[in-house]
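**Student:** Spelled out from the first residue to the last, the chains are:
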Amino acid sequence: MEITPLEMKKFIIATLGLEDVTPESLGDDEPLFAEGLGLDSIDALELGIALRKTYQVQASGDDPGSREHFRSVNTLVAFVNQHGAVPGS
Amino acid sequence: MTFLPLAQLFRAGRRPEHPVAWSAGAARTWGEFAAASAGVAAQARTLGGEPGAGSAERWVLACEDAWAFAAGFSGLLQAGRTVVVPPNFLPETLARFPGHRLLRNLPAPAEARPEAGILEGRVEFWTSGTTGEPKALVKTLAQLDAEVAVLEALFGARLTGGLVVGTLPHQHIYGCLFRVLWPLAAGRPLLSEPCGDPASFLRALATMPAPALISSPAHLARLPRLLDLEGLPRPAVIFSSGGPLEAADAAQWAGGVVEIYGSTETGGIAWRQQDGTPEAAFWTPFPDVALSCDPDGALVVAGFRAGPAPQRMEDAAEPMAGGRFRLLGRLDRTLKLEEKRVSLPELEAALQAHPLVARAAVALLPGPRPRLGAVVVLRDGAATAGAGRELRRHLAGRFEAVALPRRWRFVAELPYDGRGKLTAQALTALFGEARP
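Which chain is which? The protein sequence lines are C and R, in order.
Each residue of the first sequence is one higher than the one before, counting from 1 in this note's numbering.
Each residue of the second sequence is one higher than the one before, counting from 1 in this note's numbering.
Next comes chain C alone, as it looks inside the complex (with noise of 0.2 angstroms):
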């Protein structure tokens, strides 16, 4: 199974309770931090916890992308169907 651009929106809206932010409203390319969504580390942290929990991606230390990982929705789909295991509908 393959994540896509949708499903990754809505899981970012319902990890971190973006109750005014729709997934039409949020670009597939649109930084998610800074700038962008304005998310902070610690979003990023809370991303990553669920992201842990529900799909099996995990940090590691000799990764220096991780980072770069989090940028949009398209690097998170594209991170999470490289690295992890998206359960069957």
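Any given hint could turn out to be false.
Claimed, not checked - In silico lysine to any residue, SDA-like type, Cα no more than 25 angstroms apart, as pairs:
{"no.": "1", "chain 1": "C", "residue 1": "10", "chain 2": "R", "residue 2": "408"}
{"no.": "2", "chain 1": "R", "residue 1": "336", "chain 2": "C", "residue 2": "46"}
{"no.": "3", "chain 1": "C", "residue 1": "53", "chain 2": "R", "residue 2": "369"}
{"no.": "4", "chain 1": "C", "residue 1": "10", "chain 2": "R", "residue 2": "410"}
{"no.": "5", "chain 1": "R", "residue 1": "336", "chain 2": "R", "residue 2": "271"}
{"no.": "6", "chain 1": "R", "residue 1": "336", "chain 2": "R", "residue 2": "349"}
{"no.": "7", "chain 1": "C", "residue 1": "10", "chain 2": "R", "residue 2": "389"}
{"no.": "8", "chain 1": "C", "residue 1": "53", "chain 2": "R", "residue 2": "402"}
{"no.": "9", "chain 1": "C", "residue 1": "53", "chain 2": "C", "residue 2": "71"}
{"no.": "10", "chain 1": "C", "residue 1": "53", "chain 2": "R", "residue 2": "200"}
{"no.": "11", "chain 1": "C", "residue 1": "10", "chain 2": "R", "residue 2": "385"}
{"no.": "12", "chain 1": "R", "residue 1": "421", "chain 2": "R", "residue 2": "408"}
{"no.": "13", "chain 1": "C", "residue 1": "10", "chain 2": "R", "residue 2": "373"}
Since the hints were made in silico from the structure, they are not lab data.
A quick note: this is a predicted structure, and the numbers were derived from the prediction, not measured.
Could you slot chain R onto chain C? The hints should help.
**Tutor:** Chain R alone, transformed into the frame defined by chain C:
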């Protein structure tokens, strides 16, 4: 390692090959540090001589990595300048210091001048005030030196491994003292990059054996849920500050966590190391502070580091046996979110400065992760659709992401009660039940 007061750092000096920092995977030596610092001092002396420009003496130090910050800090004080440490490096924050010099990147290194080695000057930390405007807290280098000496006397023996790594940034007093100034004075190398995300945390722990970990409840509570701590190199000592650490979160870290209680106004006040027993939840004052309580329970701190007059904290405290005390909670409308001091009046003032907004009030919404909720009365004709994101974007130029309201309610009137008071209870009621 020889402990040197910061004021005497360059007068005494260290061996040229002594490691001062790890930056981008390589050791930075004392020789490089002294040259980088001398380069900053030379630039500050050259630029500071303009006639009648008092603010030329004031430098905003906005170096993003701790190594550059350390060199900038010591260089500016070699030139006798005032170091202004901004609360963050956001563009609108830096724009609030007109007429100041800005140090973002280190200038070319220069030859160290041992005869100019005394550091002196003042350091300004900026923090959220209670009245709606950020405020400056001025520290003399002597006060910072006094705190570093206290830390070394109390805890120095526990830092057996040398390297000092931190999950949080260095531009507030706790990060500055623990990640930069204390290591500099004690001759311990500091890790330049913060390690708050899991991958950089793993790399930081693997850099050198038994590092000292400078952290906060936000990180210490979450990292164990992202990483299997069992197999990881163990820090020699872990420090936490910015807010109380839950006993259950402290218990996840083998060897325990030393918690520091303090404020920008006073510096460090007290410490504790929880072990599950009731007594270990009490705080032990640092040896150089005198504590008392105001009639409303507010803790009052006196001592050289707190300044000429005793400082009233906005935390209520209860004295316990043996000079120790228990903390009972905040008394004012400045609160801590993930250890960041957030002033509700300041947020409200910023919201009301937006053209869409007539009135605004902000409240803390309890929950597993407490967040802010904003209640906003829009100006006539303004549409509520998308207004939350627009206002969040407006605030994001000046406030850190943690301080941005996450939930929004647009109402016709703010919920004043019969006595004309706007209570936190009435505001939080607008958000209904807390999320599970």
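**Student:** If a hint holds in the structure, say so; if it does not, say that too.
**Tutor:** Results for each hint:
With a C-alpha separation of about 19 angstroms, the suggested pair residue 10 of chain C and residue 408 of chain R falls inside the 25 angstroms cut-off, and the hint holds. Taken as a hint, the residue 336 of chain R and residue 46 of chain C pair is honoured in the structure, with Cα atoms around 18 angstroms apart against an allowance of 25 angstroms. Taken as a hint, the residue 53 of chain C and residue 369 of chain R pair is honoured in the structure, with Cα atoms around 18 angstroms apart against an allowance of 25 angstroms. Under the criterion of a C-alpha separation no larger than 25 angstroms, the hint pairing residue 10 of chain C with residue 410 of chain R is consistent with the structure, at around 24 angstroms.
Taken as a hint, the residue 336 of chain R and residue 271 of chain R pair is honoured in the structure, with Cα atoms around 18 angstroms apart against an allowance of 25 angstroms. The suggested pairing of residue 336 of chain R with residue 349 of chain R holds, with an alpha-carbon distance near 18 angstroms, which does not exceed 25 angstroms. For the given pair, residue 10 of chain C sits about 17 angstroms from residue 389 of chain R by alpha-carbon distance, which is consistent with the 25 angstroms threshold. Straight-line distance between C-alpha atoms of residue 53 of chain C and residue 402 of chain R comes to about 23 angstroms, which keeps the hinted pair within the 25 angstroms bound.
Taking the CA atoms of residue 53 of chain C and residue 71 of chain C, the gap is near 20 angstroms; set against the 25 angstroms cutoff, the hint holds. For the given pair, residue 53 of chain C sits about 20 angstroms from residue 200 of chain R by alpha-carbon distance, which is consistent with the 25 angstroms threshold. A distance of roughly 19 angstroms separates the Cα atoms of residue 10 of chain C and residue 385 of chain R; the hinted pair therefore holds under the 25 angstroms criterion. Between residue 421 of chain R and residue 408 of chain R the alpha-carbon distance is near 21 angstroms, which keeps this suggested pair within the 25 angstroms criterion.
Of the pairs offered as hints, the one joining residue 10 of chain C and residue 373 of chain R holds, with about 21 angstroms between alpha carbons and a cut-off of 25 angstroms not exceeded.
Of the numbered hints given earlier, the model fails none.
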